[in-house]
Amino acid sequence: MSALRGRFNSAAGFLDLARRAWRRSTRFRAGSLLVAAMVAMAVLGPYVAPYPSDGWGLVPRNAAERAGKPPCPEFPFGTDNLGRDVLSRVLVGARLALLQIALVVSVSLALGLFVGVCAAYYRGPVEALLNYAAEVFLALPAMVIALALRLALGQGFHVVVTSLILSWWPWYARSSYVYARAVVEMEYVLLARLAGVPDRTVLLRHVVVNVLPPVLVQAITDLGSVLLEASAINFLGLGLPPDAPDWGIVVQNGFKYIVSMPWVSMFPGAFILATALGFSLVGDSLREEMDPKMRRRWKLWF
Amino acid sequence: MPLSLNYLVKRLLWSVAVLVGVVVFSYVVIILSPGDPAVKWAGNPRGPGAAKAVEEARRELGLDLPLHLQVLNFLKMVLTGDLGYSIAYRQPVFAVLTRNLAATLELLFAAYLIGVPLGSLLGVAAAMRRGGSVDGLLQTLGLALASTPTFWLGMAVFAVLFSAGFPAYGRVSTGLALATGFQAITGFYLLDALLQLNAPVFFDALARLLPPALAVAAYPTGLCLRLSRALVADALLEEYVRAAVAWGVKRRVVVWKYAFRAALPGLVQVAGTAFAYSLIDAMVVEYVFGREGLGRLLFDAIAFSDFKLAVGLLVLVAAFYLAVNTLADVAQALIDPRVRL
Amino acid sequence: MRRGVLAAVIAAVIVAGALSTYFLLYLPSQRRGKVKTVVYAYLDKITGIDPSIEDDTGIVVIGSVYETLLRYDPIRNVTVPVLAESWESSENGTVWVFRLRRGVVFHDGTPFNATAVKLSIERARDVYRETGRGCGYIWDAVEEVEVVDDYTVRIKLSYPQRLDLMAAASYSAYVFSPSALAKAGAKGPLDPKLEEWFNSGNDAGSGPYYVEYYSPESEVRLRKFEKWWGWSLVNNPDAPDVVVIKIRPDPLDQYNGLLAGEIDIASSVPRANVRDLAARGFKVINLTTFHNYILLLNVRRYPTSVREFRLALLHAIPWDEIVNVALKGFGKLGSGILPHGFPGHVEGLRYSYNLTLAREYLKRSGVGPGATVEFVYQSDYEENEAFAQLLKSRLAELNITVVLKPMPWTAVKDAGKEVWTNPDAAPHLIISDWWPTMPSPYDYLYSLLHSESTEWNWAGYNNTEFDELISRAYELEGADYAEALRLYAEAQRIVHEEGVAANLWDEVRPFVVGGRVEVPENALNPLYMFVIRFEYVRVKE
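Order-wise, the sequence lines are chains A, B and C. So in our numbering, spot 268 of the first sequence is number 268, and the numbers just go up one at a time. Counting the second sequence from 1 gives a position; our numbering is that position plus 1000. Counting the third sequence from 1 gives a position; our numbering is that position plus 2000.
Treat each hint with caution, since some may be false.
Said to hold, decoys possible - Here are the simulated lysine-lysine pairs, BS3-like style, with alpha carbons at most 25 angstroms apart:
no.	chain 1	residue 1	chain 2	residue 2
1	C	K2417	B	K1052
2	C	K2193	B	K1052
3	C	K2187	B	K1052
What the hints assert, rightly or not - If you want the footprint, here are the derived chain A segments under chain B, 3+ residues with CB under 8 angstroms:
no.	region
4	227-241
5	255-261
Quick caveat, the hints were computed from the structure, so don't treat them as lab data. In this text the structure is predicted, and so the values were computed from the model without any measurement. Note that the Cβ used here is the ideal one computed from N, Cα and C, for glycine as well.
Bound-form chain A, shown alone:
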């Protein structure tokens, strides 16, 4: 089973993979630094923000004289139309960004893995049904699901997260299904089943363990994509309410003033870009590291 060679199937294996990637790939190092910075911001943001209450979206007392200031030493990222410090809003917003993407990816991964592995293992009608459900949600981008949920449930955190989970789980279901099919057809799995090992044990010990690693690496890349979609949903006002400390929301706050105070939107947007890029760099290099074909040293032979 050459497709599965070079994969890790334990935490130690994963660390080993990461270490190798760190040694070999500049892009992995750059990506890890970006991700680390993002996580640090999420943890420390509210404590290091120069104006924490601005960061939470509260309008300062002297709003009238502080409104619409371009970047300056006192406000490195400038202030918005209600006089709030944009740097503080960006710093505090990191936490919600991380929370959204972590929640979405972990739940979709768990759901998708479960569905994909079950479909591959049980086959028959279960397989058909699960594949069908996955196909239906693949056809619906998160944005339009968010539209539906926005109409049905109103604004809120739950709308962003639910719509993203609904549109992301099929990807994991599909790739786990493909990998799981390969594993299930292996002889030792068949033998284990024939030997009367309970389904649950076979699934956990053989199938999931082998399917998880590639899907997990995919998930790291997806953290960035999910952040992009979540920000877009929040930007359009389909998700979080307009006073939430979220990057997409801050970009939206600055939208009307894009010409007169571009800094309000540009800074938080740049942070979305940097974070998404960080996750993509990490995920991409890990995938290269895992796939031996891609790891080969290129020889320019012509």
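For chain A, the structure is supplied; the task is to place chains B and C on it using the hints.
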């Protein structure tokens, strides 16, 4: 013939089945929304006659039936191309959607006409220099382009052009369109202007189309860059390429005629899927640039709690996805002799 | 093979060059002669143009296409003649006689006469009675419309009323041509076919402009009606030939459109950008409107059901910051319920921002610390959003959490009405933005606070004393106007003391006008919000 009728029929049936799932899901979710669509349909009546009017509206909209019958009725309608009446527009949803679809598609086509060739070109360039620093830079560029929030990029493009004295706003100058007697025929303004030999409107519409198209093009450019880099680099390792080089075939010919040719089917497949999803990006960018199109309908659906319009949008987006993917598979089969469908 | 490619490229270049030369040189010379065009950017979709039924944004079109019998002049607080030349009331305001203007024609050439007036009034009234739609309640008192002769109508009322004010209402008071019925194939004035006919872009008005193209979600085009009776009075040779009403919901859009030269008159650019536009040479007309933003407090849900708690909230509203921070200077701080310049407005009826007093009230209310209140407001108004964030920030100082619930207009309405059926699901605070249908304080006070007005009284306020006061005042309007106004003031004082509702601000709407166009003062009227009387607008080519 790599493409069989049997496959096409199967594929079509499967698409219809998926569409049924989409319709059921969206109808059931949206019908749960608070606020009574019947009241809106009746025109927010008050006073003594209100109750009767709302009751009538409820019957008219079919909301008095049990949920499963409503869904069944709606399914029947959708399969015959009828999406009901929009509450916001008081017109058939189908007409509202098709009228706005052209604007969004025009933007999307423009973006992909820019993004796919540009990305592939850069990807091939990276593959030819693989391992080097140019390759690394290009690959990072590809990742960065694919990681850029489209709405934000649109705003940045807009702001930059604006400060350069060129506000790219809307689809076409109203004054110009009126003055030259421009008529929208197909809804693709560039095409319409060509058909009417209306050069001022053509160039005006083009100048307003390109900036948002650039913003939408970021994602396909990044995607095609990375993909063509990977596929072409793979192909360059193949024996037949090595053989061709040994035979003394020119480097340019080897790369384009053999390696890129081999990468093409995969590129078509992935670009196809991306094209379907980029519809959403185009809608968002339309909003940023103040263009008419499907993007605006998204807001109308919310502002008017127009559940029919919202369901219509969901169905349209899903149908678009299914259609584009089928086409991409067919195109792939036509290009790639190894694929048989 | 190489040569073939080269030849093809050269041929293509030649063809492309020839085509573009043709396009660029020939076509522009074909451009129109001199059509004076004005493009007006309006922020909402047109909800309909049925002159008897429409009660929302359609007025922007209807206001230029149809005419009423009279028009209200808010500066002098009088009604002035339009389709009626003179009028009088008798029998204590229960019988009204209108003498109509002669020589007026509708857009299709049908002459205007008393039959049209009768049909129009009765249709508006009956549609309201039958289906509850439109603003036909202004004709609720009308018992009989009698056609005395072609140019005289006598209207009998069931109770005394200032019918001249009703005839000047901004909704459901428009006169349309009876020929519309035949054109629509309608069996009678209440046939839904007639409404459908109107709403598919047809008009039957007598105003200075007629509808030429109607696409309610994107664009409405009006064209000058040469046979309008008023042109000689207006005496404006530069009046636009074509008026394009562009639906541009996004303020930023309007701003960009102005700068791109796409829009001549913008009704809502971002407030913070107005100064910038003025600096770029655009004219800014600040219209103080009757459009005001009234905060209603839910008296049927804890804790806003406690009077002291309501007063605590009202004294913690940052009144001093509303105009400066939230409105960027474009507003007038409210007082009482009615807007400035409107009959019945009371000056000095406002709360102050006073945290000590607010704390005192809070203590007395017995509502524990850490209370949470829900606040619903319309999401697409920039100034509402800014106010909401401001309010949330200031109430945080009192340790009161405000949950912001911005909603689209229809949802705001649904949430507000809930106060009567399920008060605990209705928000504690809600902003109702109101503009009057008829120039009477009753319009505001009844709709927003009368216990029978369950459609719009989102406070759930039910006070018999208040109800009786305003009803008595309304009935007195026909007989003793001054006394009526006194009673209206008293009613507002009660509301103020109970802390049920407060006018936050009156809108000052900056209309921004491009260089080609001149909008004189009399083209705007605060009663007819957003309606520009294009016959007064001058276009310079």
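ask   = Going back to the hint list, which numbers does this structure go against?
value = none
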